[in-house]
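Chains as they are written, first to last, in the working numbering: chain A, 1 to 333; chain B, 1001 to 1316.
Some hints here could point you the wrong way.
Said to hold, decoys possible - Across the chosen pairs, the derived CB separations fall in these ranges:
| hint | chain 1 | residue 1 | chain 2 | residue 2 | range |
| --- | --- | --- | --- | --- | --- |
| 1 | B | Arg1168 | A | Ser81 | 29 to 39 Å |
| 2 | A | Thr66 | B | Met1001 | 51 to 61 Å |
| 3 | A | Gly123 | B | Gly1263 | 53 to 63 Å |
| 4 | B | Gly1263 | A | Asn151 | 46 to 56 Å |
| 5 | B | Lys1224 | A | Gly123 | 19 to 29 Å |
| 6 | B | Ile1307 | A | Thr239 | 47 to 57 Å |
| 7 | A | Glu303 | B | Ile1307 | 51 to 61 Å |
| 8 | B | Phe1128 | A | Gly158 | 38 to 48 Å |
Rather than coming from a laboratory, the hints here were simulated on the basis of the structure. Heads up, the beta-carbon is just placed ideally off N, CA and C, and yes, glycines get one too.
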Amino acid sequence: MKEPLLNIKDLKVSFFNNSGEVKVIRGVSFDLQKGEVLGVVGESGSGKSVTSMSIIKLLKGTGQITNGEIIYKGEDIVKKSEKEMMKIRGNDIAMIFQDPMTSLNPVFTVGSQISDVIRRHQGLSKAKSREKAIEMLKMVGIPSPEERYSNYPHEFSGGMRQRAIIAMALSCEPDLLIADEPTTALDVTIQAQILQLLMELKEKIDTSIILITHDLGVVANTCSRVIVMYGGLIMEEGTVDDIFYNPMHPYTRGLLQSLPKKNTEERQRLIPIKGNPPDLAKIVSGCPFKERCPHAMDICNKEPEYYYDGENHRAMCWLLDNSIKKGDESNGK
Amino acid sequence: MVRMIVKRVVQAIPMLFAISIVSFLLIQLAPGDPVQAYITPEMGPAEIETIRENMGLNSPLHIQYIRWLKSTLQGDLGYSLVNHRPVGVQIAERLPATLGLMGASLITSMIIGIIIGLVSAANQNKAFDNIATFISYLGISIPSFWFAMMLVYVLSLKLKLLPSIGMRTIGVHTTWDLIKHGIMPTIVLSLQSIATIARYIRSSTISQLKEDYVVVEYASGASKREVLYKYVLKNAILPVITILGMSLPNLVSGAFITESIFGWPGMGQLGITSIFSYDYPLIMAITMFSSLILIIGNLLSDILYGIADPRIKELS
Chain A
1 MKEPLLNIKD LKVSFFNNSG EVKVIRGVSF DLQKGEVLGV VGESGSGKSV
51 TSMSIIKLLK GTGQITNGEI IYKGEDIVKK SEKEMMKIRG NDIAMIFQDP
101 MTSLNPVFTV GSQISDVIRR HQGLSKAKSR EKAIEMLKMV GIPSPEERYS
151 NYPHEFSGGM RQRAIIAMAL SCEPDLLIAD EPTTALDVTI QAQILQLLME
201 LKEKIDTSII LITHDLGVVA NTCSRVIVMY GGLIMEEGTV DDIFYNPMHP
251 YTRGLLQSLP KKNTEERQRL IPIKGNPPDL AKIVSGCPFK ERCPHAMDIC
301 NKEPEYYYDG ENHRAMCWLL DNSIKKGDES NGK
Chain B
1001 MVRMIVKRVV QAIPMLFAIS IVSFLLIQLA PGDPVQAYIT PEMGPAEIET
1051 IRENMGLNSP LHIQYIRWLK STLQGDLGYS LVNHRPVGVQ IAERLPATLG
1101 LMGASLITSM IIGIIIGLVS AANQNKAFDN IATFISYLGI SIPSFWFAMM
1151 LVYVLSLKLK LLPSIGMRTI GVHTTWDLIK HGIMPTIVLS LQSIATIARY
1201 IRSSTISQLK EDYVVVEYAS GASKREVLYK YVLKNAILPV ITILGMSLPN
1251 LVSGAFITES IFGWPGMGQL GITSIFSYDY PLIMAITMFS SLILIIGNLL
1301 SDILYGIADP RIKELS
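Chain B with its partners taken away, still in its complex shape (with noise of 0.2 Å):
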């Protein structure tokens, strides 16, 4: 096991560099640099040099890559080129947010995905079971926009129930009012989640009982009740947790839209603003830690696999 995750993170090291380089690139293509947040109409074609000059983005492309570099793996994230406050600090400000979003979506993912999926294999093609098919593809069909759209429509505007942005009412500082806030954030992030959770609990908890063991298990005088969640959970769950590291990508590319609609003060939401403003060192840092969070959590699914499966145990 210890070997198996020591490997893991020594592949993940020319992952990481591989990841920096190909966004290091991309972020050059696209068209328009910083300057642009600095250009009056006073200006003149000189000033404007200077200005770029003076940012560095005259030198050639591997030249600032490897400055970029040498400062990140010293540990110094750089200067946001807009608002010119540290680059570390300014995520450090934003994690804990973005985190709680993705953990409370896993959380609430998995729960609902598990015991729909449950539930539908054990009443196969009837009513339950369409109901949650025909919903499953409609989360899954759904983009996460419109659905927030519809939400704040519904629950903020309508209902009057829920706050439609933000993390905390000003001046109000209990929990109670920041998972208010989350609620809504969190359903849109984990729908598609709880969606494709529900799929593959289902097919793999059906396939499932299909197997020996199933009979040998009744006929052994256990109920429908102990199958199911006893000796079928426990195997129709494996296949779910490499979904988990999968559904990761999702979770994270799900936070900068879900941030942005609701005003979650995360990480998506400081990526979005960056990108716009080509906050070149704030881009970076931000592909970096996302990066990061998804080598993470799939190391993280295999090892649950692992201690999960006693069959894998021996393999690694």
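The following block holds chain A by itself, in its conformation from the complex (with noise of 0.2 Å):
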């Protein structure tokens, strides 16, 4: 296997407040392959943004990285510092956020800020990074785009605007590009033109994706393989084919039956995962997803470990273990 573009190896991000440490994430490991397109999913909190934030160190507030590697391109970045770092960002690895609405800055002109990014890491005059800004404005469909250059964010609409975020985020060419929840605030028919932008920009300029989102219909149109995060821990891992239509874990499979379904001749109610999701502060021990779980046992108390389906497929859950298995058959039969 070749050496993969991204590693990270036991990664437990923690913030401080006044009542001590918060584990946000508790241990996550995956790698990223060239080329790829990796999904990560997750609930609210499930620490899926925390996550992305941690390869680029932009924590926000009190938070840091207490353990773990984050291996890109054979160099650690947690070892990096904040001026290797500004190198690295938005040239290297670019982001994509949430809300195209705020994601600008509103008293600065869309292509102004698109050139920017290119005459920090390109050293380019302001009139060639212009000439690249419009060029890249050109590729993201944005029409006219020598006038749309001297428009302010508020005379774009929400697609527009991610489209120009896109521009910004691709205008270095970066090797890996993180899209936390891209979609999501747009309305239906614009998500699916602004996910055919990303996959058909990702060939175009050769770069790996992570996609954050909580929408499986996006995972399965767009990635590979998908990461199921669940209160900092990575409950399931596999590939698409794997997570729509092998689940391991109890998490995934209520995530899957909560999902209206298209092409069925009955009517079915939809199957809610009961229950919120956990207070990260109050985490100690074991399976995060035991207090949801509809079988939770005893020994969920204890953190599982993972099983393997197969060497990319994953999962951590006691239901797994070989012990258990034969004790639910015999109990349940």
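Make one complex out of these two single chains by using the hints.
Below is the structure:
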């Protein structure tokens, strides 16, 4: 197997408040191959955004990486200085955020915000970076980009703003693009357009994408591999087919059951996952999903390890343990 | 933009009328009248009455007001009841000194206030911020006359660095002399505005730093300095333009006190003297000029806001 573009090993991130340490990421490991689109799925507070912010070392407030390595192109990002990170951000690793309405600076023109990034990393002249920015605007499908260059964000629609943000993120041809819920704030028709655009551009400039979302539909359409996160841990990881057709973890199954289905004859009620996402400040030990899990057992108070089904499909659940599988069968039937 | 300006100018006309009526009435309400300055112990009631009649003070109030309005609209501001010099000339003599002092204070308070506010916000809850916050509250709370006395005591009396009174040393006509005289009045007049502007800039910068676009800029490799002084500053400064318009009344009324304390020969000092001597035409003229400065100042700050914020341009 070739060297992965990104390799995260046992990442732990904590935030510190008056009452102490809140462990938000509790040991996350995964890797990303060059050219791959990896989906990261989970509810709010599952740690998916914090994981992505750790990769560019932009944790808010008191957030700190307390353990682990983030190996990007063979070098550990955790050990890099702020100065080194500034050269990586926007140049090697770029990010797209959820809300296009607030992601652009309201008092600068859209074009100047893109050309600022280009100038910052590529040291081009004002005129050259302007040219490049217009080229980028054209590439993301904004009509009459020369005129649009000097528009302010409020003169753009939501979908166009997200296009401009994509142009900004891809302007330095990053090797890794982290898209944090890039379509959540857009309406459905625009969502599809933006996703399609992302996938096209991914091929064009040959970048890898980490796509963070809570929308399994988006994942099914775009990703090759999926990570399911919950309570700061990876619950399950596998290919799209593994996750959708052969889910191993009760949480993944719960997520799939709470999706509306299109092609069934019979009318089916959606089955929501009962309860709320956990308060991360309170998790002490064991499986984070145990409170909401229909199969919770005593042993779930102990953190399970990963069980593998094939080389790339793994899940963290005691139900997969051989001794419990046997016991379950004898109890249940 | 032009339509907005025209609209605002038209709106200002009834406002000036209202101000003139209210201040005219208020002056008359005050006990005493200008005749007192002319009374000597030998005068009898009949003589006093004649003087009053001659000054036109016996006509009904509305007649007096209309008389004032008529001549004012014709550009004649009347004559001082005390020294009988034309009011217009007296104001023209004093206006440059006041405008100069106000302008200097405005620029000083903008520059210092913005710098303090920005650095405070960037170092939120650290030593600099705490000290700046403490001094700001002090600046807002300290009465300006007391602060002025302290400055005079320390800088003029003890250290003998600066002159304590007037605008020029007699016989000296250098700019440096003018600046030296202006330093203390400017400091006193801008103290409150510095504090207010610093507070506003601090809080608007802190709220801007939480905006999504800041994360986006960091994520695209911008440095802390670039984010703060380029991207955030332009956003944070917007509310201050409004504050500027709002702090003008402070400057105008502050000028009355400051000018009196430092013997600064401006409109404020003239105003105080005219009030003490019931010099009705002069009081009215000064009130109207102060109001005009305020209205123009507010209009200017609105125009500035429109220029600075691209989102407003559309609306106007």
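Cross-check of the supplied hints:
no. : hint                               : in the structure
1   : B/Arg1168 <-> A/Ser81: 29 to 39 Å  : violated, 57 Å
2   : A/Thr66 <-> B/Met1001: 51 to 61 Å  : holds, 55 Å
3   : A/Gly123 <-> B/Gly1263: 53 to 63 Å : holds, 58 Å
4   : B/Gly1263 <-> A/Asn151: 46 to 56 Å : holds, 55 Å
5   : B/Lys1224 <-> A/Gly123: 19 to 29 Å : holds, 20 Å
6   : B/Ile1307 <-> A/Thr239: 47 to 57 Å : holds, 56 Å
7   : A/Glu303 <-> B/Ile1307: 51 to 61 Å : holds, 60 Å
8   : B/Phe1128 <-> A/Gly158: 38 to 48 Å : holds, 40 Å
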